[in-house]
Amino acid sequence: MRVLVAMSGGVDSSVAAALLRDQGHDVVGATLKLWGGAGDSGCCSVADVEDARRVAQVLGIEHHVFAYTEEFRARVVEPYVRAHAEGRTPNPCIDCNRFVKFDLLAERARRLGFDALATGHYARIVTRHGATALGRGVDAAKDQSYVLAYLKSAMLDFLVLPIGEMRKSQVRARAAAAGLRTWDKPDSQDVCFIESASGRAGFLGGRLTMTPATVVDRDSGSVLGQVDAAELVTVGQRRHVPSPDGARRYVTRVDVAGRRVEVSPLAGALRTRVELVPGSLSAVGEPLGDGPVWVQVSAHARPQAGRLRLQGNGVVELAVPIRPVAPGQTVVFYHDDAPDIVAGAALVASP
Amino acid sequence: MSSAYLDYAASAPRRDDVYAAMEPWLHGVVGNPSGAHGESRRAARALEEARDEVAELVGSPPGAVVFTGGGTESCHLAIAGVTREAVRRTGRAHVVVSAIEHHAVLDSAYALAAQSETVRVAQSPVGADGVVDADVLAGLLEASTALVSVMTANNETGVVEPIAQLAARVHQESAAVFHTDAVAAAPWLDLRTATAGADLVSLCAHKLGGPVNSGALVLRRPVDLMAVSAGGGQERGRRGGTVDVAAAVGLAAALRVHDRERQQVTDRVRGLRDRLERAVAALPGCQVTAAGVERLAGTAHLTFASLAADELVFLLDQAGVCASAGAACSSGASAVSHVLVAMGMDPARAGGSVRLTLGFATTPAEVDQAVAALGGAVHRLRAG
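Protein sequence lines correspond, in order, to chains A and B.
0 is the number of the first residue of the first sequence in numbering that gives the first Met the number 0; add one for each residue after it.
0 is the number of the first residue of the second sequence in numbering that gives the first Met the number 0; add one for each residue after it.
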């Protein structure tokens, strides 16, 4: 089989390429050039391209570089900036997977005559009720099924995830044994287009005019203080919340236009309902209906038992209350009877 | 599968006759040209002969050549050397560059402006045909304009700029130094006429079949340049560091061979290039860039509406055809070219660009292979 492997220059995709080559496939590596600006934490610096190229050389496979800088800007970075301006907190990695890697790159791979696209994600391609589905990676600490949850069966049919059955330690050992220079490269932690030195504040500060806001206790209505930039406040956050009385409070609402941030002590912030953005529900295979599901509200959050209700705008009800989830984030649903298999995903609405 | 090498503008095949000329300076004892003994004198003589030959072939007085580590360094020496000298003398410098310059020029100029508020950069636009207009260029000149830089021919589109006319106009209306990056033009044009009037001319050897990391900045008239690398005082204090005799000899030899064969190579290659363009022009959505103006004989810059350059180049590569999406970049990725943007090209068209550059050793079979591969690629991508 002729396989295009998306090689980020990290250890996971390096090993994905090595495994496929060892299985006898006709493997071609491609690194995506996503961001032209500075960014030192992530996936598309010249150094990362060079690492990927060197790994391909060692493996004896062809390597190409595909530029998606325009598409990345339009479909990932600009929506990221726009969402913050509106008080939402998106997950750009999900958007990149959804709109660049498993949309544009997959289409390109098909056009260029490949039989499959492979990546180094910690997730597995599985079968459920006869259809292709997405399962969690074997390494629970590294599982990336959350960031791939919008992929549908038809895309999963074209996708190969060679390291989904492996643990991270096994992946590193495999890379070291194969003499790949990426074997001890640190995992990428943050958003790839944001420099760690200036951070999200520096990145957004150069692109948005920040809005000062008043921090108000949701229950008492009393003013607790000010923040310089409502755009940088995330629903659910506790750090940096002004607290004249020293009590811990969580952000429950950000109203950029109204220059107002509402906070509450934990008891008042916890909730058992997550409202969904109308029309944002995506099912991997057969359409999702009302019923019990496992709910995961961030990449590594503990899954919660819940129930999906699709009347009206759609809502998830949770058995156990959780801290508020920021609007713009994704909730991922796993099957009630198969908690390791993704059922679908949806965007969190503003409260 | 034999490969068709159509990426001369990225790097030309190394020529045997050039390397034969370099041969005595690649092995065994090669004296440091700055030394005080017989081997140094021997090396210094070869170096100075190369210097005079380069000057002559560019139509410049003997001796006025600074050897550099390539075209990028030559452009940087011109831009930074003139600009810093102007700042030293007058406290400020205004620099005018054309919008289609190579990044060697653009990045050098903008880096200076980023480092100091005393340096400002203005960009001269180009017409839809990629040509710089003398009136537009003159309109950007200021009292403090220290340097104007317009390339002799563009490395992506092959469009030839009217340097003699532009330089005359700039000199008539200002005291600015006129620099031209002739790296792309050198394999095709008679530099005596094509760069006439320019004060500084940048060259490199590997686009001519010589070694990489070998270039020169030719001074047509005395120009004060602040050194960009100090130490040692070589090259009259403008570029410190031991001079590579073989590299200098290689550049001179490459220019000499080119000067001797220019007419015959140009005529033959233009025929092949025109044949290639005629054959692919019929492909759906294909357009030849700047077809209506004077272009380098070896450049075929094509755009395919709504196709992606990366995909075209990938499929050409699979068919053994070495081409590029535009200029070669460090990451190997293609971005929409600033040259095409400056020409006002629709981004959907500019995103589907392929540059095929032919040269002295290109064969009709290579052209046929490229035509077949391009046809196959376009049909495949249009079908999918």
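Calculated from the structure, these hints are not laboratory results.
The beta-carbon is built from N, C-alpha and C at its ideal position, and this holds for glycine as well.
One or more hints might be untrue.
[Unchecked claim] Computed far set for chain B versus chain A, every beta-carbon distance over 12 angstroms:
id : residue
1  : Val28
2  : Arg119
3  : Gln164
4  : Ser228
5  : Arg261
6  : Gln317
7  : Ala324
8  : Gly374
[Stated by the list, open to error] Not everything, but these chain A residues come out facing chain B in the computed CB check (under 10 angstroms):
id : residue
9  : Ala29
10 : Gly112
11 : Phe157
12 : Leu207
Hints violated by the structure (listed by number, smallest first): When the structure is compared with the hints, numbers 6, 7, 11 and 12 turn out to be violated.
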